[in-house]
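Protein chains: 4
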Amino acid sequence: MKFFSMGLVRNGEFHLYLPPKGAGPFLKDNPNYQRPAKTLILLHGFNGDCDDWMQHTPVSEWSMKYNLAIAMPTGGVSFFLDREATGHKYATFVGVDLIRFLRETYGLAMNREDTFIGGNSMGGFGAMHAALMFPETFGACMGLSSAAIAKQLPAMKENFQPNRMANLEYYVEQFGDLEKAPESDINAEWQFNQNKEKGIENPRIFMACGTEDFGIANNRDLAKFFKDAGADFEFYEAPGIHNWSFWIPAAEKGIEFLLK
Amino acid sequence: MKFFSMGLVRNGEFHLYLPPKGAGPFLKDNPNYQRPAKTLILLHGFNGDCDDWMQHTPVSEWSMKYNLAIAMPTGGVSFFLDREATGHKYATFVGVDLIRFLRETYGLAMNREDTFIGGNSMGGFGAMHAALMFPETFGACMGLSSAAIAKQLPAMKENFQPNRMANLEYYVEQFGDLEKAPESDINAEWQFNQNKEKGIENPRIFMACGTEDFGIANNRDLAKFFKDAGADFEFYEAPGIHNWSFWIPAAEKGIEFLLK
Amino acid sequence: MKFFSMGLVRNGEFHLYLPPKGAGPFLKDNPNYQRPAKTLILLHGFNGDCDDWMQHTPVSEWSMKYNLAIAMPTGGVSFFLDREATGHKYATFVGVDLIRFLRETYGLAMNREDTFIGGNSMGGFGAMHAALMFPETFGACMGLSSAAIAKQLPAMKENFQPNRMANLEYYVEQFGDLEKAPESDINAEWQFNQNKEKGIENPRIFMACGTEDFGIANNRDLAKFFKDAGADFEFYEAPGIHNWSFWIPAAEKGIEFLLK
Amino acid sequence: MKFFSMGLVRNGEFHLYLPPKGAGPFLKDNPNYQRPAKTLILLHGFNGDCDDWMQHTPVSEWSMKYNLAIAMPTGGVSFFLDREATGHKYATFVGVDLIRFLRETYGLAMNREDTFIGGNSMGGFGAMHAALMFPETFGACMGLSSAAIAKQLPAMKENFQPNRMANLEYYVEQFGDLEKAPESDINAEWQFNQNKEKGIENPRIFMACGTEDFGIANNRDLAKFFKDAGADFEFYEAPGIHNWSFWIPAAEKGIEFLLK
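Chains as they are written, first to last, in my numbering: chain H, 1 to 260; chain E, 1 to 260; chain G, 1 to 260; chain W, 1 to 260.
Quick caveat, the hints were computed from the structure, so don't treat them as lab data. Don't take each hint at face value.
When the alpha-carbon atoms are kept at most 30 angstroms apart in a straight line, the in silico DSSO-like pairs for lysine-lysine are as follows [what the hints assert, rightly or not]:
(1) E:K28 - E:K253
(2) G:K28 - H:K2
(3) H:K2 - W:K28
(4) E:K180 - H:K180
(5) W:K157 - E:K28
(6) G:K21 - H:K21
(7) E:K2 - W:K65
(8) G:K2 - H:K28
(9) W:K2 - E:K21
(10) G:K157 - W:K65
(11) W:K2 - E:K227
(12) H:K21 - G:K2
(13) W:K260 - W:K65
(14) H:K65 - W:K157
(15) E:K2 - W:K157
(16) E:K65 - W:K2
(17) E:K157 - H:K180
(18) E:K65 - G:K157
Estimated spans, in silico, between C-beta atoms of each pair [claimed, not checked]:
(19) G:E256 - E:R220: 54 to 62 angstroms
(20) W:Q161 - G:M1: 44 to 52 angstroms
(21) G:F214 - W:F214: 50 to 58 angstroms
(22) W:A229 - G:F214: 38 to 46 angstroms
(23) E:P20 - G:G107: 40 to 48 angstroms
(24) H:T105 - G:P239: 38 to 46 angstroms
(25) E:G199 - H:W244: 17 to 25 angstroms
(26) E:E212 - G:N159: 53 to 61 angstroms
(27) E:P20 - G:E201: 41 to 49 angstroms
(28) E:E212 - H:F4: 22 to 30 angstroms
(29) E:P20 - H:E256: 39 to 47 angstroms
In this text, a Cβ means the ideal position worked out from N, Cα and C, and glycines have one as well.
So here's chain H without its partners, still in its complex pose (with noise of 0.2 angstroms):
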């Protein structure tokens, strides 16, 4: 599916399921239907697009077992986030531009309390990204094996190591001035302090990691900090590296979180 995005001043594109309308005989058990659909976007990782999740995990059925609505945009290699050129702003396509698509199209959840956003590696750092910079839209977020890099940017600079997924130039381009990184927007951290000195309701946090992932050290620092920093907060490790395996019932877990 695809409608026109400001922020990217182009066709934005996604996939979605949309729960069965009423419950139906094989669902009038199910106390899920005894409340309106919720709406659940879920972004994918580096490498990835709007079929990811489709293709990897059984989105269909958690549609319908628990009435949401889960939308899956393609962010290219954006991180998620909003650059000042016209044209890449994938935060305010996600988080502005898809919601209000949502809603206008389809008449979904129209309040931050049952709109949710997640995502894995790539899409968990975005999904946290949004969810904190759009704190008014969505009431809770989920982060699996988040890519929580901010402050290893600062280092990458003087000391970019070669054959990576990505040249130096790629991490300027997304992330501008590296130095600067923890000090912005791009760290979850400072934008979860900002919110907190505005007054701001910060969303809920359910963050996932395998125990052997590569990025477990990230993600339990971050995860320390949510949980310091007084987050509405949930951590699950369990054994699992960097794949869908983890994935697939660590995003059960998560979307019980949201849905509590």
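On the provided structure of chain H, position chains E, G and W as indicated by the hints.
Leaving out everything else, chains E, G and W in the frame of chain H:
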């Protein structure tokens, strides 16, 4: 349709029309079926995507009539250029990755004589740019109302007009140092001359522009260059503005030039 | 796009163009944006599917120009009829299930005055059939070069011509007892009269046919019936055969009739 | 993806996953990349379509792991059978037209040894039916919880139970004279015996069924026939009902049988 593009480090998307394998009863008098199918890539304009040519032109009919495999990729707002940053190599995406995928997957036209690229507006720029960048791949190209703006870029820096379709950061991100644009591969004239100097055979070139198009002066200027430079070249002018009413008949004239 | 259709006991597929929610700067002088969007279903011909109207006509431009939500479903070779067998209720699919889905999901036009259906060839038959079958749902319909064959069906049985597009088994499967076709809902005249007798308001009807179309005699015959019967009716004839060159301008005339 | 199918006299639709052309660094130790890709068609169940396998199973991962091109066509509620009526030849669609399109368009596996077909429920029936109907095309097939109902059909006529998933008209339309079903190509046993009598090599056959599946008795009965008849055959039983939780691991076992 999607495939993993190394230039984009993610899936590239395109629509594809394949002509019938054999002429069949309806096409038996069509001389285009006395040869194998040829290949044409069609690039979209700014704000557009892979749907543009499919939705606005009878591209499925052209595919059948001319025995042409027509591929229409999505190129975002990239001007179909390669940038340094990982994941933003759109010239490579259309001129290398997509061509390789079409040849390996569908066995489509293997030589430059039968492989063409065209486009409208930003896509006209991109088509000429790709053909001049990969002249061993494309035997001919077609630029309709091309965004032939390379020579205007230096003046933009000091004198940027607000309220345009894009901000200055966008131009710098796509085109790099704007002052150097005329003496770089952003300028089709520079590309053409470079190939000539190196003894590389340039592609045949078709250009078209409506006489009321806002880009008519730039297009006439570039057309004059190609004529003077001795290119195998044709320029089509007719009453019209920057829209599909002009591009549909102009594209048919262009396809006939490509197939000559 | 897909949704579960009870008439098909499986997913029904359709393409959908939605007009912009507000007029915006480009459309601010367009009077069609001083009213809510209306809905038009467009049905394809034999051998076709939901891509037909999208690939061969400027349907996205019509959607924007006329502030029309345009839905194009796939109906196989069903003539968009309901058969007795489970899963083959195509009139129900387009006239009940699709309309309900569009209204429930997108909040589209809720009343018959703003809900239309049209089509070409087999789809022209199907559009008139659905509008006459569900006159409380459709305020008007448009049949282009309609396959108005109900009166020919009885003769087929004894005198079936081989080498046609379909075999006799096919006709029997779609239309049931061919001898009874003229006195059944397969015949638009019968449908119209039935509604009249029951005091049900018939839809307004637009028909068009090319003067060189192989179906011109049948279309003139049916047109004469509607005129004589006092229908709110318009018939458009112009030079042309059974192809998109005729249907594109005819459809625009039809849309203007529907919107009157 | 779509192509014109002669069996359907319209476009047939399918999803396709192609494995990578070469093993690449991640797959270099994978022995399946020391041979060319093989082809597997996967058929859906009643109420389903080409999305089923893609949405509910990790089919993209199987494609890569096993170096398998996996095609998933839409077959409506046809039981993937050929009927007499034009446009309803679904066995021909999957067993002739689709295979030809895959071979001509993608150069996929040209011989029966490398060409397989499988499915679940109605699609398990259809897969065995197609493989036994076109044994020169398919070297092996896989039926998961197959709707092995041929022997039940005669009793239906007199004793049809209302409130089932489909009405009697449906069964008659799909299967013709229900009393003759057991002695026709609707019965896999009859097909197998016919091939044997004619000296045609039957495909290898994998069947699976959950021990709590409502079709377990029929499946055991058919499995017994294949074993007794000396087929190259394997039957997998495990706890489970008629759902994807059973089909996902069963399909992997089946794929390993097909690739043996």
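Starting from K157 of chain W, check that the Cα of K28 of chain E is at most 30 angstroms away, please. violated, 50 angstroms
Can the suggested window of 50 to 58 angstroms be confirmed for the beta-carbon pair F214 of chain G and F214 of chain W? holds, 51 angstroms
Taking 30 angstroms as the top limit, are the C-alpha atoms of K65 of chain E and K157 of chain G close enough? Status violated; Cα separation ~37 angstroms.
Regarding the pair K157 of chain E and K180 of chain H, is the alpha-carbon distance no greater than 30 angstroms? Given that 30 angstroms is the threshold and the Cα spacing comes to 26 angstroms, the pair holds.
Take the C-alpha atoms of K157 of chain G and K65 of chain W, compute the straight-line distance between them, and say whether it is at most 30 angstroms. With a Cα-Cα distance of about 55 angstroms, the restraint between K157 of chain G and K65 of chain W is violated, given a limit of 30 angstroms.
Between K2 of chain E and K157 of chain W, is the straight-line Cα distance small enough, at 30 angstroms or below? Between K2 of chain E and K157 of chain W the Cα gap is close to 48 angstroms, so the pair fails against 30 angstroms, i.e. violated.
Is the hinted pair K28 of chain E and K253 of chain E satisfied, with a Cα-Cα distance of at most 30 angstroms? Within the cut-off at roughly 23 angstroms; holds.
Holds or violated: 53 to 61 angstroms for the Cβ distance of E212 of chain E and N159 of chain G? 59 angstroms Cβ-Cβ, so the 53 to 61 angstroms window holds.
Given the hint of 44 to 52 angstroms, check if Q161 of chain W and M1 of chain G actually sit that far apart at their C-beta atoms. violated, 35 angstroms
Between G199 of chain E and W244 of chain H, is the Cβ distance one that fits in 17 to 25 angstroms? violated, 51 angstroms
Pair hint outcome, K65 of chain E versus K2 of chain W [Cα-Cα no greater than 30 angstroms]: Since the Cα atoms of K65 of chain E and K2 of chain W sit roughly 19 angstroms apart, the hinted pair holds (cutoff 30 angstroms).
Is the hinted pair K2 of chain G and K28 of chain H satisfied, with a Cα-Cα distance of at most 30 angstroms? Status holds; Cα separation ~23 angstroms.
When held up to the earlier numbered hints, the structure conflicts with 3, 5, 10, 11, 14, 15, 18, 19, 20, 22, 25 and 29 and fits the remainder.
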